[in-house]
Amino acid sequence: MVLEASIKSIDLSIGYEYDYGVLWVVNSVNIVVWRNTTYCIIGESGCGKSTLGNAMAGLLPTYAYTNGYLEVEGRIVVRGDETNYNGVRGRIVTRIPQDPSSALNPYVTIGEQLVKVIKHHYGVRENPLEKAGKLLKLVKLPLEVIDYYPHELSGGMKQRAAIALALAPMPKVIVADEPTSSLDAYLRGVVASLLKRVQRELNLTLVFITHDIALASTICDYITVMYAGTIVEEGASDKVLHNPLHPYTQLLFKAIPKLGSRETLSTIPGSPPSPTSYPEGCRFRPRCPVGFSECYKAPKLIEVEPQHKVSCWRYA
Amino acid sequence: MGITLNYVVKRIVFSTAIVLGISIITYVFIYLAPGDPAYVWAGRPRGPLASEAIAKARVELGLDQPIYVQFSLHVFRFFSGNWGLSIRFKQSVFSLVMRNFASTLELLLVSFTISIPIGLLLGIYSSLYRGSRIDAAINSLSIVLSNTPRFWIGLAMLLAFTSLNIPTYGRISDNFRGELIERIGLYLVDSLLQGRLDIFLDVFIRIIPPALALSLYPIGAIARVTRISLSEALQEEFVREAVSLGLPRNIVVYGYALRGLIPSLVQAIGLFFSYSLIEAMAVEYVFGREGLGNLLVKAIPANDFPLVTAALVIVALVYVVTNTVADIVQALINPRVTM
Amino acid sequence: MIKRVLKSINSLAFPISVWRKRITFRIGLIITTAILLAGAAGGLLPLIYGWDIGFRIVGESFQPPSLGHVFGTDDLGRDMFIRILMGTSRALAQTTIVIVLSLFIGLFVGAITAYYKGFVEKALLYVTELFLAIPSILLALVFVILFGRGALTVSLALVVSWWSWYGRFAYLQARAVRDLDFIVLAEHYGLPGIYIIFRHIVPNIMSPIFIQALTDAGSVVIELATINFLIGVGTTSIEEPDWGLMLGYGVRYIFNYWWIPLLPGLFIVLMALGFALIGDSLYEEMHPQLKRRWKLWF
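Residue numbers (numbering that gives the first Met the number 0), protein chains in the order written: chain E, 0 to 315; chain Y, 0 to 338; chain F, 0 to 297.
One chain only, chain E, in its complex shape (with noise of 0.2 Å):
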């Protein structure tokens, strides 16, 4: 099967203003999201995966510095310090967001709000309304919700509606920035399965962020695991999982709570570092179990076994 690439990043960083210069959220990432492919990047709060998402969905702040490279189903939108992502939103890549409530427009029906994204997008060619409720039946919500205002929704019903909204404008692309991290236990895996069950049926690329990795095991094609900023590991899924090989990954998979098991709960000691204040080198060095003198220099990604590659000295 030949892979073709559907986002491309070469040394991308992203940062944030602040009072006293440049907050670099995200280092020198160099990723490859293939087509049709769901792809999960994990990692702790504050890692900067959200601020990978949304560079990848055109949806950085105003107050976002940029340098590297991002190029999305063959559109540059990232080069240098310079963004343009006209054409790229909405046709090409659109999100779904962490929380349905704020991202839904109160003021207004979901009906309205699908017909809105429609008509832009399609114009006179469909039947707005059709098409919305084809829309409400692939997320699988009864077709009355087309006259309900959002917040006279639950909570998995928004987030479904959000997913009708983000497919609305039939993107190649869409990237997920924790959407069940606001849903109950329940409700998340029928999310992410319903995601999983669209990106098949719609060939479309799913670039799924989260911090469940159990959740996350469940459905994606790569994995992708970021800790302060830079990617320590990343690989086909059933590489990673039945094989973490840096540190950290070894550790947080090791955190999952066994459903039913008594086992005291292993943690990672200490916590991530915040941006303001990276140690030398390898980030996670501080925190590594097994560190070594190596570790005061940056490592690189290095690919261990094909499509499995780790950022550590000790597979160099």
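Hint data in this document are derived by calculation from the structure and do not stem from the laboratory.
All figures in this text were calculated on a predicted structure; none of them were measured in a lab.
Sample of chain Y residues with no beta-carbon within 10 Å of chain F, all distances over it, derived: (1) D35; (2) L48; (3) V58; (4) D63; (5) I66; (6) K89; (7) N164; (8) L179; (9) E181; (10) L185; (11) D189; (12) L192; (13) F203; (14) A267; (15) Q329; (16) L331.
Okay, the calculated bits of chain Y under chain F, using three or more residues with CB under 8 Å as the criterion: (17) 19 to 28; (18) 139 to 145.
Idealized CB from N, CA, C, for every residue including glycine.
Since the structure of chain E is provided, determine the placement of chains Y and F on it from the hints.
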């Protein structure tokens, strides 16, 4: 929609209570007035029929009755339009005010027709390009505009226009005064209804400079309010979501960001409207137009407080009405308001 | 004592940073300082030269601005420059009284309204809205008719009208603070309501209201001017050197002796502008949402 009959009723009841409160205040005024209330209420009459008039006024006011009777009489008079006789003009205050209100209202309406679009556009533009030099310029301009007394600017404009020989003093040229048939009291409309384009042009030319002078404050204030609220709205999450769906700038700004602002904008504009009513009176006087302003200015030296009180009541009523309307609009637009 | 001095010097850091960052603040401060100096001069002149300095006839009537009389003379031959200076101190005094009094009243009424919920809240809210509906200028005119033309009458009328503005503002702010944990804790400790209001609620809502008051100073000046303007146009002679009065009274001379009405008006503009510029730049500095760099990114 969050509008319910319950909400509208509640709102109207509250407004009526406020109007009642205003009537209480006018009641207090009558009895603070210098001199015998009945004498003043009768318009300080002189001459052979004076004592009769004063006696009649005494009965009307119910001066020899207990307080609660007096008060209910007063409330009844208030709501039935019997506001006493003007000391200066010796006519019913109510009819005086109603006749002249149309002129002031016309000026105000023309002024707001100019200032709302201009203010909105300036505010939108400066919030979209916030931080740029144009934004700073517009912001400073609106501060300057809001802080010059309109009658002073009007004075300067009167001077300028008159020296250019453009007629701007008065509401209508003396030649046309007898010819215009007043139907609504708004000369602009009446002259069109009559089919007299020449009268219309004359009235129009005379109304533009005072309307411009009057509109400086609303333009500045509307621009400032729009700028601040739109800047905040543009950072809302659902606006970013709309952008991520590929919607173009116009739809996002007008359909999403601005749409949520409509109720608070309407409220602010209503506030500016009632505030400008007083300013309109001052500008009216400067430009020699008939209207409440002219009445007011003549009433003050004559200590004609029934008239001045009536002006107060009118302005307060306009405020209450615009507020109520604004609140109802708020409920219409914002589906979450259920109160 | 020393701590208080140090604290107040510390709080100067904010205005100093605003001075560095914003031109509007600098311009506003310069204008206001000039006005304050003029006011001080206007206040001192009668002390040095005698109480009737602004009322004496010092030259011929209707003199246009010249070296001898910088702003010309009015219809009675009084020097306009001196009268305008005295008008500055009058305007400053009146504005200060109006703002300080209505600020205090409004602050406490608003805090009380928000703190005691239920009937007290509803009743006070009604009263606040009632006074908010009453137009200040017309109320002042009624007061003038009832009680005479003095500066005190007008100022008090404005206080009666303006307190409700701060009352509502304070109520909205206090409502947000009222349910915060430390207030609830204080109540549980049994502290009396009035103490909580004074010591905890009010200090926490003061700063936005103060900034608002500063910007409002400009509107107050204009309202004072408008009131006296309306009085001045109808009157046959004026004594006091009040800007509004001079403007209103001078309208009749606009075409021939323009300096009589227009110059007082200019000073009204300057004073209002100075306060408004300071208030507006402080407001922008205090609101972080407006501070962040913004680019039209879509």
